[in-house]
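Asker: If you want the building blocks of each chain, they are given just below.
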Amino acid sequence: MTSLPESPGAKRLGLVIDLDICVGCHACAVNCKEWNTGGYPAPLTDENPYGSGTSGVWLNRIHAYESGEGANSRTVHFPKSCLHCETPACVTVCPTGASYKRAEDGIVLVDEDLCIGCKLCSWACPYGAREYDHDAGVMKKCTLCIDRIYNENLEEVDRVPACVATCPVSARHFGDLGDPDSDVSRMVADRGGYDLMPEQGYQPTNKYLPPRPRRTEAGDTGAAAALTPVAEAGGFLGWVDRMLSR
Amino acid sequence: MPQPERTLDRHVETSPQVADEVKYTTCYMCACRCGIKVHMLDGQIRYIEGNRDHPINRGVLCAKGSAGIMQQNSPAKLSKPLRRVGERGAGEFEEIEWDEALDVAAGWLRNIRETDPRKLAFFTGRDQSQALTGWWASQFGTPNYAAHGGFCSVNMAAGGIYTIGGSFWEFGEPDWEHTRYFMMFGVAEDHDSNPIKIGLGTLKRRGAKFVSINPVKTGYSAIADEWLGINPGSDGLFALSLVHELLKAGKVDLEYLVRYTNAPWLVLRDPGGAEDGLFARDGDGNPLCWDRTAEAPRNALEADVTPALKGEFTLADGRTAIPVFQLLAERYLDGRYDPDEVAERTGIPAATIRRIAAELAHAAFSEEVVLEVPWTDWAGRRHERMIGRPVAMHAMRGISAHSNGFHTCRALHLLQVLLGSIDVPGGFRYKPPFPRPAPPGPKPAGRVGEVGPNKPMPGPPLGFTQGPEDLLVEEDGSPIRIDKAFSWDAPMAAHGMMHSVIANAWKGDPYPIDTLFMFMANMSWNSAMNSAGTIDMLTDKHEDGSYKIPRIIYSDAYYSEMVAYADLILPDTTYLERWDCISLLDRPICDADGAADSIRQPVIRPDRDVRPFQDVLIDLGARLGLPGLTNEDGSAKYPGGYPDYLVNHERKPGIGTLAGWRGDNGGSHGSGAPNPGQLDRYIENQCFWRDELAPNQRYFKHANKDYLDYAASMGFIDDARPVVLQLYSEPLQKFRQAARGHGPVQPPEIHRARVETYFDPLPIWYPPFEDLETDDNDYPLHAITQRPMAMYHSWGSQNAWLRQIHGANRLYVPRAAAARLDIGEEDWVWLISRHGRIKAQVRLMEGVNGSTVWTWNAIGKRAGAWNLAGDAPEAKRGFLLNHLIDDLLPERDNGYRYANADPVTGQAAWYDLRVRMEKALPDETAVSEPQFDALPLPPGMAKRPSMLRYGAGFRNRGTKA
Amino acid sequence: MHPAFSVIFFTTASGAGYGLLAWLGIFVALGMLPADRWFGLVGLGLALALITVGLLSSTFHLGHPERAWRAFSQWRSSWLSREGVAAVATYLPAGLFGIGWVFFEQANGLLGLLSAVGAAVTVYCTGMIYASLKPVRQWHNKSVVPVYLGFAAMTGVVWLTALAGLFGFGNPLFAWLSLAALAITAAIKLGYWRSIDNDRGGSTAATATGLPGPVRLLDPPHTEENYLMREMGYRVARKHAEKLRRIALAVGFAAPAVLLLLSLLLEGRAAGGIALVAALAATGGALVERWLFFAEAKHAVTLYYGAQSA
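Chains as they are written, first to last, in this note's numbering: chain A, 886 to 1131; chain B, 4 to 964; chain C, 6 to 315.
Bear in mind the hints are in silico, worked out from the structure with no lab data behind them. Just so we're clear, the structure is a prediction, and the values are computed from it rather than from any experiment. Mixed in with the good hints, there may be bad ones.
[Said to hold, decoys possible] List time: in silico PhoX-like cross-link candidates among lysine-lysine, alpha-carbon distance up to 25 Å:
1) K879(B) <-> K946(B)
2) K147(C) <-> K1004(A)
3) K1004(A) <-> K139(C)
4) K708(B) <-> K458(B)
5) K922(B) <-> K946(B)
6) K842(B) <-> K879(B)
[Said to hold, decoys possible] Covered stretches of chain A, as calculated for chain B (at least 3 residues, CB under 8 Å):
7) 972–978
8) 1002–1015
9) 1061–1073
10) 1076–1085
11) 1104–1116
[What the hints assert, rightly or not] Label-pair distances were calculated between CB atoms; the ranges are:
12) A535(B) <-> D202(C): 49 to 59 Å
13) P8(C) <-> P948(B): 40 to 50 Å
14) E1041(A) <-> D343(B): 31 to 41 Å
15) G1086(A) <-> R840(B): 48 to 58 Å
16) A259(C) <-> A956(A): 31 to 41 Å
For each residue, glycine too, the CB sits at the ideal point set by N, CA and C.
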């Protein structure tokens, strides 16, 4: 049913992405591709893989932006996958019931067997989280690695989304954002985690942690603006003499 | 409380089977060598993930490693030995059987070995088996061997090893857990990539400050707390200005300098004398210092000396000597290093330089890190705690690939040493088996008399020269090696000069060769300077129609641009199909807290008629009857190929390629007799071995008794003597003295002035040569490359996933510079150097040094190579800067042309490049230039699929069971 | 948004078809049209053919047309599903209406009215599919449903005028009604264009990323275009769009209006003939308008790919 759950559970699984430390290495995107091309949405097709116009299905993509101008500009690497919104219009527009939001954990999924490939869900998503597989004729999307996070064939420590497990700088965190005491919720509270395009009203579950302020001013590390030359007679070498003869 | 609704009508298989079997091995998607777990399902690779227990990557895996499936799946894999049938470069081959291929190769090589072994030039690329390949060259008897270090980062390695007996990356790392202030110089993104990423995450979470000094703000620089967009090639000047500020303010760690460095050693002042600038030594050769207590010279290596750091002293023989520290202070206190003086050249405001110096001093001296770990120094003195200066630095190729790179690397180490931050808590830390003496043995073999028919060389082809007598030069001073490494052109070329081989072989300078034998080195394309010229040299003929480089044997797993230029192709396997080892004898994977090595094991069987290159090399060695590779009866010593060699080869008694589980029952580590079950033990232990240091061994390794004893017992160093950090480098001074006319081995006249200038025993800064050669008005811009984190050199373009991320490259241009030339986003421009011109498409950027343009390295591909379609974006919109870079410097007054390289080490100076930019005309096509004829595919290549559905077979597999 | 021909053709054709169906139903109910078999066959036949061809063409862009029947299931939340249900439901009264008219020459006014209601509801649902999509500012606009209803009514009544004229059942009222529909729809559309030109929308590259502006794309995730960019990254140059707007107004509104005024001066089949040209022009103008409706729509996702505002 593409109506949203009438009595959703308190659990809201999602990701917290730390833009302060993401170096834009694409590890999360490729590891996601690797896991999922053999997982729940298998395969993640690649069209013209060795020619021009190559177009693959990716559930996670890394953009790079420059924000601000001149000396104050910063380069920000920006990973983006499905945000598993609280009010996902991609689900409610689906005419067949293929798209749905799980009541028990808030994950938004596509049942590919029901999908007619009308692409309306991708139009309804402002974030570009829906990926149409032209070859299979169905829509694919981030499943939050539903075949990992509950997978009893994996060790417990591995039961996190592939993007989180592989992230070399630990810029990606997985947890229950419905629980205010969870690590991810605390991180969001401490760091001022925010929603993408809140004005669209989708109430994304995934949150982004903003880059921390730069430290380029005197005093930012506790140091003075410049060092004071030694005052000794004889200058620096005189100072060396005194220091050695202490 | 109401129960949450469950979407019970939806069946989702949340616990599908992931693998039939999980195999551990080591990644080879770049040089990082992370531990991986390969999940196999239905005989196919289901998933590759990082090994959580592995010391390098601790469970994480980068984009390249995660794309391993597509490397295995690449249609660019070669499938059978090939023999050239058309003209060289035409790409026309016939398939032959392995026996025939090996016979042909052995025939060529046997003839060379019987006559003049130098005529084999054996060069390997990003080879991770240099312990084997270098040793094989010695056994063959040719000095003409090197791997790719000469065009990669030899400045970094040599600068470090000659100064602190260690270096960045494989030989050392920042103390990510404790450092308060971290400076990263230049591009570093494809070396040590996962450890650096893990480290940066750790460091930033702790709130330490991260300063990036790089003309380009991408990748790691993007997350720096402060980015300094320095002018390329001026990092050394910036570092020495910081040294100036610290010295002036007395913010140096004198105690550290006295204890651990040669700062107190006395330098002879004897202008015009043979020993001017060398250390004053006692009768036993020990360096002297001036003991303030005894008021007399004493052996500086004794524990109880109280040395002077300044003064001018008269020795017993009447000569004058001055402590290193005074020379150093005098030099860097000079006003030319004042921030006001260097601001313009570096592009960093004077106030910023002063502030950074103050921040360094603050972190080092006001934020000491104290670990309550008692330790004992080399002299047996017990210290109750470990006190550290939490400043750490890292640099790689961005510093290295300039013609002033060696001295710049030395300057960075000088800065760290003055702050007392080498191998202390919070500082730069050595990774075992480093530190080693600065410099360590051995010296390069191949001197006059060491090379001859049918005889192995007495040592390895590469090593560390300590003075003119160690050079590989003929009596007349001309080079012995084909690449001119260890000659007066590049006396400290510790990694060889692969970038000079083809040009020298083509010219017959210093002599013609017979066979060029290369392994995974894309020398006709992105690994060469002057790529188009290199292609011409590879195909050039004498008047009689014979090739100027008579024979070329090439081994590669893939259809790289180089394949078409070889006469005989020996197809290699992928990294998932082979045995390999990451050896302590080679480029180890140790971390600061432990020694480690590892293996690769085959996880999938090749579906083609290919063989691991190392197996082939061992087979060839046996066919040639090389002494180390045959038994006395002439039979092959390692009939089991590379795995047989890994287990049974001993370099010295008890020391082999793998350090773990040696001896009977695998009970000894480090040294011990070969253990036939060794590889099984590695596999049981997830394919790696690691020996963790005790807490009291982990810092001050250069002077830590418990560590030094351990290192000596493991064979890392010859004895447990401390490693004294060499601020003043005597080997450099020895070369300089030779240039001044002293000693038996002196440079030919044409080289004298150059050697005298650049062999300064203290770090110097000079503008990159290209800056001196070009007029700022003609070529106002610097042009450099950065390394994309999701690509490793040319390899990634055959990878269906990675090439979607970097399928074509742009020329990144500072917004303001573009505006001045009326160049807009997406425009096509010509980039012109003194050597050539290329056409590229522009992307405007804010975060880049205002006089620098840059692009991603090695994305441009030749049409047809790597089994990509002819119209692939890599060929049509991708481009290389290589076409702009001359492999030689312009002619000197005396007519001589040096390699475009560092004058000390011979490191290729990729990043010296100067260019100007012109907007392409509106009617010029939107295609990058230059374009080359498309390479045809050799026989046996897989067909490119038009649709990839990898993993379709795994769909719903969990529910089938 | 990528102006996919199948969807443009579908909405234009079925819009005209539903419009024609609705007017036929209403005027039969009002007793202003005779139950002439051939007129019924051609009029209703054309209406139902336009509707059916349009619906079929809309399935061409589906990945799995054979599963299209599943689209009737989610009428509780999905306007697309509702449209499907309404479209199919409308066939029932329309079919009976047609059978009575053509086979029995008995045009039932109630069935006609029910068909008209079904047609209106279906077109309303079509409009709502677009109007409900928040990520597309140019669609999430209060004029979108009136535009859809207006174009359906307008093209429908012009076709009615033409057919009635050709069959000799012409009535100046039809032409006057057509002129009114043209005027009203033009006004709505002009209002819509003014609205999307003036409303800057709430989403920008800065809100999309949460970063301090200006925010510029340095590198897209991949160097070749992906599905999102092909489907939603369509850009039409402003100059080009303005030209097309003028063409749509000239061909779709001005020309039919002039022709219809001309037809009022003529009698019988000649008037019908002129009105037929007007109907073709109005439909052509509607196609241009519908192409622009897509081409000028900027999806919020483009903010992640370099657009500053959507």
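Asker: Work down the list of hints and note, for each, if the structure agrees.
Answerer: Going down the list of hints, with the structure as the test:
no.	hint	in the structure
1	K879(B) <-> K946(B)	21 Å, holds
2	K147(C) <-> K1004(A)	23 Å, holds
3	K1004(A) <-> K139(C)	15 Å, holds
4	K708(B) <-> K458(B)	41 Å, violated
5	K922(B) <-> K946(B)	39 Å, violated
6	K842(B) <-> K879(B)	11 Å, holds
7	972–978	violated (count 0)
8	1002–1015	violated (count 0)
9	1061–1073	violated (count 0)
10	1076–1085	violated (count 0)
11	1104–1116	holds (count 11)
12	A535(B) <-> D202(C): 49 to 59 Å	53 Å, holds
13	P8(C) <-> P948(B): 40 to 50 Å	31 Å, violated
14	E1041(A) <-> D343(B): 31 to 41 Å	60 Å, violated
15	G1086(A) <-> R840(B): 48 to 58 Å	53 Å, holds
16	A259(C) <-> A956(A): 31 to 41 Å	56 Å, violated
Consistency with the previously given hints fails for numbers 4, 5, 7, 8, 9, 10, 13, 14, 16, ordered from lowest to highest.
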